[in-house]
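> Residue numbers (my numbering), protein chains in the order written: chain V, 1 to 155; chain Y, 1 to 106.
No lab work stands behind these hints: they were computed from the structure. Idealized CB from N, CA, C, for every residue including glycine. A hint or two may mislead.
[As the list claims (entries may be wrong)] Chain V is faced by these chain Y residues, among others (derived, beta-carbon under 8 Å):
1. Asp4
2. Ser6
3. Arg61
[Claimed, not checked] What follows is a list of derived Cβ distance ranges for each label pair:
4. Ser25/V / Asp38/Y: 43 to 49 Å
5. Thr50/Y / Pro107/V: 40 to 46 Å
6. Asp68/V / Arg12/Y: 48 to 54 Å
7. Asp38/Y / Gly112/V: 23 to 29 Å
8. Asp134/V / Ala101/Y: 50 to 56 Å
[As the list claims (entries may be wrong)] Covered, in the sense of this in silico footprint (three residues per stretch, anywhere, with C-beta under 8 Å from a C-beta of chain V), are these stretches of chain Y:
9. 10 to 17
10. 23 to 35
11. 46 to 59
12. 87 to 101
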Amino acid sequence: MRVITLPGVVDSLDQLTRFVTEVASDARMASEARNRLRLAAEEIFTNIVLHGYADAPREPDPRRCADDQVVTVESEVRDGRVRLRFKDHAAAFDPTTIPDPADLAQPLSERGIGGLGVYLVRLTMDEFSYQRLDGENVLTIALAATAPSRFTQQM
Amino acid sequence: MSFDISVTVRGRTVIMELAGDLDAATAPTFHQRVEDVDRNEVDQLVLDMTNLAYMSSGGLRGLVFAKQKMGENVEIVLVGVNSTVGETIRLTGFQHSVSFADRVAE
Chain V
1 MRVITLPGVV
11 DSLDQLTRFV
21 TEVASDARMA
31 SEARNRLRLA
41 AEEIFTNIVL
51 HGYADAPREP
61 DPRRCADDQV
71 VTVESEVRDG
81 RVRLRFKDHA
91 AAFDPTTIPD
101 PADLAQPLSE
111 RGIGGLGVYL
121 VRLTMDEFSY
131 QRLDGENVLT
141 IALAATAPSR
151 FTQQM
Chain Y
1 MSFDISVTVR
11 GRTVIMELAG
21 DLDAATAPTF
31 HQRVEDVDRN
41 EVDQLVLDMT
51 NLAYMSSGGL
61 RGLVFAKQKM
71 GENVEIVLVG
81 VNSTVGETIR
91 LTGFQHSVSF
101 ADRVAE
């Protein structure tokens, strides 16, 4: 298991990506699965930072934040499956309830910009679940290390 | 990880070469360059993604922003999209609103 605690700012995305890359290497993940895991992890992290911690007071330095505005990510590799667990201290919020974009064929000129990230997570991960535990939001995603091609086959 | 963007204007076509990772951290740079374009002087926005390794929903929002800023009559052409970026575009249905090309037209 690996654990990392990151400042809750978008500038932490680089560190998050390095962390996910290490975890994916541990699990010998296929490159397609690795890319999907990276995307899902970034979408979840970005949501926490931009929405969960949106009202939190900001440090002047964009790479820093207050001590309680952090996101902890834990990894677990078991039975050929990689699981990432994200914990934050923001107000309780369950992103798994965000509805899918209404119409994917809708022209961009008429589209809203919300919900796309969560939609991508739901679509690409084998597991996407939420719990509120001990005053923390706990979001879990999981993906098989082998290349899942259920979407590529359709395209 | 990094993100670079360079802009070339050729007649009424604006070509933006994107390189690196387009995500929530780097999307504001892309937004700014789109913001700088005068929609009245443009018929086509070409986004050369040949060297774009990765794009998250932050990049998708950038495409929505570009389309809405430029208006219906400006065509958006994506060039050299790799399989990872292409998957993100297709999973969200964005391929219905943009064109694809293998290379930037001479």
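> If a hint holds in the structure, say so; if it doesn't, say that too.
Going down the list of hints, with the structure as the test:
no. : hint                            : in the structure
1   : Asp4                            : violated (15 Å)
2   : Ser6                            : violated (22 Å)
3   : Arg61                           : holds (5 Å)
4   : Ser25/V / Asp38/Y: 43 to 49 Å   : holds (46 Å)
5   : Thr50/Y / Pro107/V: 40 to 46 Å  : violated (26 Å)
6   : Asp68/V / Arg12/Y: 48 to 54 Å   : holds (51 Å)
7   : Asp38/Y / Gly112/V: 23 to 29 Å  : holds (26 Å)
8   : Asp134/V / Ala101/Y: 50 to 56 Å : holds (52 Å)
9   : 10 to 17                        : violated (count 0)
10  : 23 to 35                        : holds (count 3)
11  : 46 to 59                        : holds (count 4)
12  : 87 to 101                       : holds (count 10)
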